[in-house]
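Please model the entire structure based on the sequences and the hints provided.
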Amino acid sequence: MTTIDGVAHDAEVTRNDEVGHFPGDPDMWLFVVVESLVFTSYFCIYLYSRTQQQQAFLQAQAALTMWVGILDTIVLLTSSWAIARCVQHTRAAQYRAARRSALATVGLGVGFFALKIAEWVHLIGDGHTFTSSEFMQHYFFLTSIHAVHLIIGFVVLGVLLYQLHDPDRRSHETVETCATYWHTVDLFWVVIFAMLYIVR
Amino acid sequence: MNLTPAKRLFVAWIVLVAVTLIYLVIDGAVDDHGVLVASTEVSVAAITLALVKVRIIMRELMDVRHAPKVLRTVTDALVVSMGMFLLGSYLIGSAIA
Chain A
218 MTTIDGVAHD AEVTRNDEVG HFPGDPDMWL FVVVESLVFT SYFCIYLYSR
268 TQQQQAFLQA QAALTMWVGI LDTIVLLTSS WAIARCVQHT RAAQYRAARR
318 SALATVGLGV GFFALKIAEW VHLIGDGHTF TSSEFMQHYF FLTSIHAVHL
368 IIGFVVLGVL LYQLHDPDRR SHETVETCAT YWHTVDLFWV VIFAMLYIVR
Chain B
552 MNLTPAKRLF VAWIVLVAVT LIYLVIDGAV DDHGVLVAST EVSVAAITLA
602 LVKVRIIMRE LMDVRHAPKV LRTVTDALVV SMGMFLLGSY LIGSAIA
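Residue numbers (the working numbering), protein chains in the order written: chain A, 218 to 417; chain B, 552 to 648.
No lab work stands behind these hints, which were simulated from the structure alone. Don't take each hint at face value.
Said to hold, decoys possible - Listed next, with one range per pair, are the computed distances between beta-carbon atoms:
no., chain 1, residue 1, chain 2, residue 2, range
1, A, Val255, B, Leu638, 17 to 25 Å
2, A, Val365, B, Ser632, 20 to 28 Å
3, B, Thr624, A, Gly342, 41 to 49 Å
4, B, Phe561, A, Gln354, 36 to 44 Å
5, B, Phe636, A, Phe347, 24 to 32 Å
6, A, Val376, B, Ile647, 43 to 51 Å
7, A, His382, B, Ile647, 51 to 59 Å
Stated by the list, open to error - To be clear about the criterion: a stretch of chain A counts as covered by chain B if any three or more of its residues have a C-beta under 8 Å from a C-beta of chain B, and this derived list gives those stretches:
no., segment
8, 240-251
9, 301-307
10, 398-409
Claimed, not checked - Examples of chain A residues lying across from chain B (beta carbon under 8 Å, computed):
no., residue
11, Cys261
12, Tyr265
13, Ile291
14, Trp298
15, Val416
Note that the structure is predicted; figures quoted are calculated from it, not measured. Note that CB positions come from ideal geometry on N, CA and C, so glycine has one too.
Written as structure tokens, this is what we have:
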């Protein structure tokens, strides 16, 4: 048993154990489903296009570095783990630990963004731009639209941190909704990574 | 095995990282000079592993495992339909090409 804010809580017995709890606002889940379908539509066009011009796509794809994509993915997966811990801490009313997890998420998100910018600079320096090939058009479009989602994610995490900081504004549902958004940024990247770096 | 929520989350993260590292093993679609070559096997494996990761993220990290049945069904249907559309686009495109 641990005591937080004068209230006794079992650190590991959380609402997580309840079956039938909707994690976050249902509207956010509608967003997740709609966005997934929009991204899937784009991926279908991308996959079909690359099968029609395999050699051109493979040639341009060779400019990407696999380990950078792997590192990007692990950093973002770790940020997703951190925000999930934030939700668990919040449910257990461990708000200080929840804030630390949220700050770790922000840090890992910034790390991912820095890696992405470094990759863009490296590619552009080597002459690979939005107009240099169809593969690079897809690469820059997908990574840019993902980066826009990531930047919105930073705003969402700001809201989450503000709520956790103020005892009068703390809402489990808002924390779960913000976490759901951040996870969505992660799962879009998981598929984008496979599409751009691995598919042959 | 009855894991605490925190430990279960950690195991999910380990599995996600391990599945990501599998890409290093399957990324052998190169010719004798190290130039990338087309490979249906690598592409199908890449898409399948990505969707496995999407489902793990949804079930474990996004806590869909404990959500009402409607959300569990919708998210599973989403992953299956994504798989059908993505693999379908690649395989039909390859057949036409």
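These are the hints, each one checked on the structure:
1. The given range of 17 to 25 Å is respected by A:Val255 and B:Leu638, whose C-beta atoms sit roughly 19 Å from each other.
2. The given range of 20 to 28 Å is respected by A:Val365 and B:Ser632, whose C-beta atoms sit roughly 25 Å from each other.
3. At about 48 Å, the CB distance of B:Thr624 to A:Gly342 agrees with the hint of 41 to 49 Å.
4. Judged by the Cβ atoms, the range 36 to 44 Å given for B:Phe561 and A:Gln354 holds: they are separated by roughly 39 Å.
5. About 26 Å separates the C-beta atoms of B:Phe636 and A:Phe347, a value consistent with the hinted range of 24 to 32 Å.
6. Under the hint 43 to 51 Å, the C-beta atoms of A:Val376 and B:Ile647, about 47 Å apart, fit the expected range.
7. Judged by the Cβ atoms, the range 51 to 59 Å given for A:His382 and B:Ile647 holds: they are separated by roughly 56 Å.
8. Restraint check on the segment 240-251 of chain A versus chain B: 3 residues with Cβ-Cβ distances below 8 Å, three needed, restraint holds.
9. Beta-carbon proximity to chain B at under 8 Å applies to 4 residues in the segment 301-307 of chain A; the threshold of 3 is reached and the given coverage holds.
10. With 5 residues having a beta carbon nearer than 8 Å to a beta carbon of chain B, the segment 398-409 of chain A meets the requirement of three or more and the stated coverage holds.
11. Look at A:Cys261: its Cβ gets to within about 4 Å of chain B, closer than 8 Å, so that hint holds up.
12. Satisfaction of the interface hint for A:Tyr265 is found here, the shortest Cβ-Cβ separation to chain B being roughly 4 Å, below the 8 Å cut-off.
13. Among the interface hints, the one on A:Ile291 holds; its C-beta lies about 6 Å from the nearest C-beta in chain B, closer than the 8 Å criterion.
14. For A:Trp298, the shortest C-beta to C-beta distance to chain B is roughly 4 Å, which falls under 8 Å, so the interface hint holds.
15. The interface hint given for A:Val416 is met, as the beta carbon of that residue sits about 5 Å from the closest beta carbon of chain B, less than 8 Å.
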